[in-house]
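Colleague: Those sequence lines, one after another, are chains L and U.
Under the working numbering, the first residue of the first sequence is numbered 3, with each subsequent residue one higher.
Under the working numbering, the first residue of the second sequence is numbered 247, with each subsequent residue one higher.
Among the hints, erroneous ones may be present.
Calculated cross-link-like contacts (lysine to aspartate or glutamate; reagent style EDC-like; alpha-carbon spacing at most 20 angstroms) [as the list claims (entries may be wrong)]: (1) U:Lys622 to L:Glu196; (2) L:Lys295 to U:Asp315; (3) U:Lys552 to U:Asp523.
If you want a taste of the chain L side facing chain U, the calculated C-beta under 10 angstroms gives, among others [what the hints assert, rightly or not]: (4) Lys29; (5) Arg32; (6) Pro76; (7) Glu80; (8) Met192; (9) Ala198; (10) Leu200; (11) Glu203.
No lab work stands behind these hints: they were computed from the structure.
Because the structure is a prediction, the values reported are computed rather than measured.
For each residue, glycine too, the CB sits at the ideal point set by N, CA and C.
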Amino acid sequence: MMISEKPSTTTDGHLAGHDARPSVGRKFTRAVIQAPLSAQIALLVVMFYLFVIVFAPLLAPYGEAAVVGDAYAPWGGEFWLGTDSLGRDILSRMIYAARNTVGITFIATVLAFVIGSSLGMVAAVTGGWVDQTLSRLVDILMAIPLLIFALLLLMIFGGSVISLVLIIASLESTRVFRLTRAVAMDVAVMEYVEAARLRGENMLWIVRREILPNILAPLTAEFGLRFCFIFLLVSSLSFLGLGLQPPTASWGAMVRENVMLITFGSITPLLPAAAIAILTIAVNLIVDWFLNKTSGFSK
Amino acid sequence: MMQRINDAQVHPILEIRDLVIESQGRPKGKRLVDNISLSLRPGEVLGLIGESGAGKSTIGLAAMGYARDGMKITGGQVLFDGVDLLSLPDRQRRPYRGARVAYVAQSAAAAFNPAHKLIDQYVEAAVVHGVLSDAQAREEAVALYEELGLPNPETFGNRYPHQVSGGQLQRAMVATAMACRPEVLIFDEPTTALDVTTQIEVLAAIRKTIRDHHTAALYITHDLAVVAQVADRIMVLRQGEMVEEGDTRRLLEQPEQTYTRDLLSVRNLHKKESAPDDTVLSIRGVCAEYHRGTQVLKDVSVDVEKGRTVAVVGESGSGKSTLARVVTGLLPPTEGSISLHGETLSPRLRERDRKTLQRLQMIYQLPDTALNPRQKIRDIIGRPLQFYHGMQGAALEKRLRQLVDMTELGTDFLDRWPAQLSGGQKQRVGIARALAAEPDLIICDEVTSALDQLVGEQILNLLLSLQRDLGMSYLFITHDLGTVDAIADHVVVMRKGQVVEQGAKSTVFAPPYESYTRLLLDSVPEMDPAWLDHVLADATPQG
């Protein structure tokens, strides 16, 4: 042996012998400290929302649907943010609505990803008629405007929480399918996937161990974005009266219920709208930060 | 002929003094080019040679006053005709680039815009720099195309990049770089991506053109034999530092540094043939096609015996990699059969059982894509052990250690990620993964062609020692005849999907030659500055 091989440090900057890897928790803490200010604020905002969601019954002064006073009581005094047309406390309803709206959005997003990404990876790995059938089906579903399609399906199946979650998840899963299939195809042509195939591995192994770890970064980013879209969709449907049914509180429905207060110069109906907007922006900022980090453009 | 300019009085056209280039990303401040000085007189050709990471391309770009993203020129001067390009603002540097110093990249296919005709891309540089009018440039293009030996020079430029062959495209690129009649040309591995027979044409065209136009050139390559044909002087680089510089003939005949001697001796590995034994793999009359009607393999029959290496040689498009796909079952043959130890294999991968799959393993060309970046080395090598042999716990750990030992890696590699390994180390992991299955036969698909020559030779040595110790059989696919000499017992020469000739290495590589085999053999550059002249002289009477 004439020349000993030196580990390459040119392309990726990783040095061989970098064995002591910090724990996940510590890595995360360090990443947060180094994150841009916008992402740090966004993380604080999201943590505040999570806090409210978890401790909603303790934080809310009154029950979710309890009629506790006169209709349209003003801000201050006994009811910090006043009451609505039925005399329910707006602050309490805002807090419970966080639970309902964010909770349903989260479940629907997770479900959309489970359906979309697994089918997407199967299509990418299998190819042939399986891929063709799934892809064309998704094309057809995507050709129909989402909101209108969702409204139609909700009319047919009724506005129960379960049907709401299932309808939104299956419609949004088409978008996830598209992305997953595209990124998984790039990975599926790699020689290590061919090596696994030649070894005789089944599809589940190939998808779970060879493909999924390599497409996790774009999928995580997509999860954040998709969460925002579904969140807005759930709110829109509630605003239109086809989402969560009363007396369950949801931000979209609260905007509609209190919209006439605007004419009296009260900004109360804007509060749930602001709650929606702030969470959407915060999640977007976190996604941006994550995308920058994984694509290597951060300093 | 070699030394056209002996006049030391001539002022150098390009002079680089104490050039330092550092990396900007991680690891910051690493010296990629360390104190390099060189000078180039008009009409002189300087060869820059070294393995990947030697900094040769970085120096080539720095000669135009340019540094890639993530690198910064932190010291030294680049004097072009007495003007320091590095001290000029970007705007004043631009008139030099393309007009007085031009660049020929390794991949012409990536350098040309596929949406424009070749001649339009030729004309662009000359017109933008205001050197020629559009009509003049078009006229000169035809003359240059003719000089470079391109077919139908009058109409050649009307084609799009995808309509010409790789060798023609590379020559068109040389023509385009010559458009403004630059004083200095920088060639960055211009023939590396080409087949050996094409390489000769391009090499001869490049040499003729720069001589006729008295152009100075920096010729960057990793192949000493190639650079010996064009360069007056050679500079050997290693990890950003100069190892040695000298006149071409002197450097080849009396290298002063050990590293240069290692580079020179790299092709001296030679395997003695071993006697045939039991047949392991038998390919009989195999035909295959990708799309209906386009046949890529025609009646191919090859046998591989135990403990022997069968090398399948051929240029790109010869069907040698397709043969590997057919053997592994990825592409079912339309005719013919494949058997392993006399047992006929199912043509389709899906229909083969685990035992069959275990007996046939593969090592890939590109170590970067052959290992999953999200699995540790332990998991990559361990999986076949669990999958085929059900190993677990202490037995698995013991076998893992044995395997990394056999591939000369060391146990601390087990807990690393592929990104932390060099190309040669990754290839060793690929070999360990194949060995883990305990196969009867390993298919090696161009396993050394993505590696530096010295590293590639170490990999070949490893494969040879494994063959001696374990009696392993290899089906070795390669385009490089030097590799064939190093490792093969039996040679199969393929062309356009057919076997042109096959036999023991000593018969195939000895007179009387089959004509295509002879062409291939003659096309391999030798470490002799006069080699290209001889080949061209031999070829003229026939052509």
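Colleague: Hint numbers the structure violates, sorted upward?
Modeller: 4, 5, 6, 7
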